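K.L.:
Read off the chains here:
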Amino acid sequence: MMSGYSTLPLPEQAILTLAAVILVTSFALLSQSRVIATIRVFAWQGWLLALTTALVAWDTGRAHLYISALLAALLKGMFIPWLLVHQARKLGILREFDAVIRPGVTLLAAAALVIFCYSVALPIEQFADSITRDAIAFSLANVMLGMLMLITRRKAITQVVGFMAMENGLLFAAVTATQGMPMVVELGIAFDVLIAAVLFGVFFFHIRDSIDSLDVDKLNRLSEVEQ
Amino acid sequence: MSALGWTLLFPLLGALLLGWMKQPQRAAGLNIVLAGLGLAASARLALTVLDQGTLGGGQFYVDAFNVYLIALTALVGFTTSIFSRPYMAHELETGRVGAPRMRLYHASFQGFLFTMQLALSTNNLGILWVALEGATLATVLLVSLYRTPESVEAAWKYFILCGVGIAQALFGTVLLYFAASRVITNPDEALLWSVLNANSAELEPVVMAIAFVFLLVGYGTKIGLVPLHNWLPDAHSEGPTPMSAVLSGLLLNVALYAVVRVKMLTDGALAGGSVHHPQLAGLLLMGFGMLSFLVAGLLLHRQRDIKRLFSYSSIEHMGLMTFAFGLGGPLATFGALLHMTVHSLTKSAIFITVGHASQIAGTQSIDRIRGLISTQPGVGWGLLVATIAIAGFPPFGVFVSEFLLLSATIESWPWLAVPLLTGLAIAFAGLFRHLHPIVFGTRPEGQVALPVNMLPVYLHLALVLWLGLAMPGFIARWFDQATRLISGSGLL
Chain A
1 MMSGYSTLPL
11 PEQAILTLAA
21 VILVTSFALL
31 SQSRVIATIR
41 VFAWQGWLLA
51 LTTALVAWDT
61 GRAHLYISAL
71 LAALLKGMFI
81 PWLLVHQARK
91 LGILREFDAV
101 IRPGVTLLAA
111 AALVIFCYSV
121 ALPIEQFADS
131 ITRDAIAFSL
141 ANVMLGMLML
151 ITRRKAITQV
161 VGFMAMENGL
171 LFAAVTATQG
181 MPMVVELGIA
191 FDVLIAAVLF
201 GVFFFHIRDS
211 IDSLDVDKLN
221 RLSEVEQ
Chain B
228 MSALGWTLLF
238 PLLGALLLGW
248 MKQPQRAAGL
258 NIVLAGLGLA
268 ASARLALTVL
278 DQGTLGGGQF
288 YVDAFNVYLI
298 ALTALVGFTT
308 SIFSRPYMAH
318 ELETGRVGAP
328 RMRLYHASFQ
338 GFLFTMQLAL
348 STNNLGILWV
358 ALEGATLATV
368 LLVSLYRTPE
378 SVEAAWKYFI
388 LCGVGIAQAL
398 FGTVLLYFAA
408 SRVITNPDEA
418 LLWSVLNANS
428 AELEPVVMAI
438 AFVFLLVGYG
448 TKIGLVPLHN
458 WLPDAHSEGP
468 TPMSAVLSGL
478 LLNVALYAVV
488 RVKMLTDGAL
498 AGGSVHHPQL
508 AGLLLMGFGM
518 LSFLVAGLLL
528 HRQRDIKRLF
538 SYSSIEHMGL
548 MTFAFGLGGP
558 LATFGALLHM
568 TVHSLTKSAI
578 FITVGHASQI
588 AGTQSIDRIR
598 GLISTQPGVG
608 WGLLVATIAI
618 AGFPPFGVFV
628 SEFLLLSATI
638 ESWPWLAVPL
648 LTGLAIAFAG
658 LFRHLHPIVF
668 GTRPEGQVAL
678 PVNMLPVYLH
688 LALVLWLGLA
698 MPGFIARWFD
708 QATRLISGSG
718 LL
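As they're listed, the protein sequences go chains A and B.
Under my numbering, the residue at position 81 of the first sequence is numbered 81, and the numbers go up by one with no gaps.
Under my numbering, the residue at position 42 of the second sequence is numbered 269, and the numbers go up by one with no gaps.
Just so you know, these hints were derived from the structure itself, not from any lab.
In this text, all values refer to a predicted model and were calculated from it rather than measured experimentally.
Hints are not guaranteed to be accurate.
[What the hints assert, rightly or not] Where chain B lies over chain A, by a calculated footprint (3+ residues, C-beta under 8 angstroms):
| id | stretch |
| --- | --- |
| 1 | 27 to 34 |
| 2 | 101 to 113 |
| 3 | 150 to 163 |
[Claimed, not checked] Calculated Cβ distances over 10 angstroms to all of chain A for the following chain B residues:
| id | residue |
| --- | --- |
| 4 | Leu264 |
| 5 | Ile309 |
| 6 | Val357 |
| 7 | Lys384 |
| 8 | Asn457 |
| 9 | Leu507 |
| 10 | Trp642 |
| 11 | Phe667 |
| 12 | Thr669 |
Backbone N, C-alpha and C define an ideal beta-carbon position, used for all residues, glycine too.
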């Protein structure tokens, strides 16, 4: 396994490199505390996803993946970041900070998660060519890091970035492990993501109207056992 | 157009049409008409399937298992739309919602029904995911319809937790597709359930086991399995009551349906038993199911809000069904299918009654709803009888399904009958300690009866009673066909 990377065909090496870069952006998202910077990193991740998809399309010759790449670029690279920046500006929080809770612990936890994802993907190895196993591990790691970001952030807007980053990890899994899902499913997923993005935008204003801030820690009226 | 096409078309049309309708009263009427047409179409579909067997095999697939859920969804959607008219008219009068938001409400209601029918009838596991995520999106603005801080919090929790949960299910679906694409050459067919089921023995067991865990966690969040249930009581209690009725009665069932479909594939792949325990999927379901059942039963005792109380009761019953599907075997599967039906009918009847009760009392707080029977006997008795039914008393259908389940447990895992019976007793006590003063207590001054339509409640309870006393032959055969599909052998 370890020796095999340099003998891989060039496109596959490129895909693996892109996978690693996407993972780096996931770490960057985790440690970034300014709202505007978080959104920018997220947009980069969307473009990288689109690039990977296009590369896989070219490598495997599956034409419908070009459409997926275009969708990823339009939605994740342009529309959603634009929408988030637009909303953040309207809410006046674009330049604000959403402090990372215990950055050291968070990043260590993130590293541990990556190792865990590798151990989940390990048993798959013997049935797949080497790149698939790594791709599954990388994309699962992206999903998990997105989830970690959701947990460690307090502002609704950065939580949404975490949510969408998770979605990026899932799309990455679909592209690299299985050369994309059937077209009808991809379109359905893109539609759901689009609606979700718009609804999130609506929610920022609901949250601000109800608690006068976007700090979701203050959403604490409901509990499992009522007092 | 086929009956299936109409079943899907009416709610879709409704979602588009009702969003534009300015007069709430007219929209409420049209809502009932469209739901009724959907019910008629689904009844036709059910008769066709009963007559000709499995339909479809392309992008849509209807067999004995999902057709009865399609009919059930259409029925509960129809009766809830009848209930929703006077209920939402009262909310409009008291100023809790305005006319523009009523448009959102009706469009979301029909949109939700559409996603449910799509999730049930699709053959494509990817579309199933898209539809279940769509169900969250359709209902999330309903949860926050009143725009109180609590409802916005509940909706945010619902959005984020279900979104995160269902993301795991998408990862599971990708893994499933990965396993399938090594067996099935045509990539467009590799996510079709019927094709996968025919080839399930060849699917890679390691990948399928990992995929199943992700799918279970993902769809399990939507079923409300403990410890993934946190969103459920909040979402059910803060939104308008017709939505609580369809969430509890329909969404949870459809999520469980998705898990059972995937379990059938996983069981096929693991049957060889060389890598993993062949019953891995079943054991996971049993564990999650039992845990949810017991924890939710205990939490029933600590509730102060009547809608939260019955949401925990839903978690408890979903746990029971999950446990039963995990147990497998014809007896437990038959019991679980019956329980899905009777729970959905009874629980939506309860939410309808609770909705009226909290409007009469002007609060959802259990401590302040008193003397329902003396204020409005129809609502009071309705709540009492429906709670008796959900607690599993004979002669109602819930008793029959729980009895079948108990027999199946004693047959294969005798010692699990102990926590099962204890849990049933705990849940029973949890419901009735709250219920007694609510229905029989002294009526507060100034509490008056409201115009209500209890017809849906009586209809649901009569059906549950009928299923408990004398299940008609064609329904029994129907359940038996579904049991045969899921567990391999029938009961009859």
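K.L.:
According to the definition I'm using, a residue is off the interface if its beta carbon is farther than 10 angstroms from all beta carbons of the partner; does valine 357 (chain B) meet that for chain A?
P.N.:
violated, 3 angstroms
K.L.:
Are three or more residues of the stretch 27 to 34 of chain A within 8 angstroms, CB to CB, of chain B?
P.N.:
violated (count 0)
K.L.:
Can you confirm whether chain B covers the stretch 101 to 113 of chain A, using C-beta to C-beta distances below 8 angstroms and requiring at least three such residues?
P.N.:
violated (count 0)
K.L.:
Taking a Cβ-Cβ distance under 8 angstroms as contact, does the stretch 150 to 163 of chain A have three or more residues in contact with chain B?
P.N.:
That given contact holds, which follows from 4 residues of the stretch 150 to 163 of chain A lying within Cβ reach (below 8 angstroms) of chain B.
K.L.:
Determine whether the non-interface label on leucine 507 (chain B) survives the test: each CB of chain A must be over 10 angstroms from its CB.
P.N.:
holds, 14 angstroms
K.L.:
Check the non-interface label on leucine 264 (chain B): least C-beta distance to chain A beyond 10 angstroms or not.
P.N.:
holds, 25 angstroms
K.L.:
Per the stated criterion, does the least C-beta distance between threonine 669 (chain B) and chain A lie above 10 angstroms, as a non-interface residue requires?
P.N.:
Since the minimum Cβ distance to chain A is about 24 angstroms, threonine 669 (chain B) lies beyond 10 angstroms and the statement holds.
K.L.:
Once the closest CB in chain A is found, is it more than 10 angstroms from asparagine 457 (chain B)?
P.N.:
At roughly 7 angstroms from the nearest Cβ of chain A, asparagine 457 (chain B) sits no farther out than 10 angstroms, so the non-interface label is violated.
K.L.:
Beyond 10 angstroms from every chain A Cβ: check whether that's true for phenylalanine 667 (chain B).
P.N.:
holds, 23 angstroms
K.L.:
Confirm or reject: tryptophan 642 (chain B) is not an interface residue toward chain A, with every Cβ-Cβ distance exceeding 10 angstroms.
P.N.:
holds, 29 angstroms
K.L.:
Taking the shortest Cβ-to-Cβ distance between isoleucine 309 (chain B) and chain A, state whether it exceeds 10 angstroms.
P.N.:
The claim stands: isoleucine 309 (chain B) keeps its Cβ more than 10 angstroms from every Cβ of chain A (closest is about 28 angstroms).
K.L.:
Minimum Cβ separation between lysine 384 (chain B) and chain A greater than 10 angstroms?
P.N.:
Violated, since 8 angstroms does not exceed 10 angstroms.
In summary, the structure is inconsistent with hints 1, 2, 6, 7, 8 from the numbered list given earlier, while agreeing with the others.
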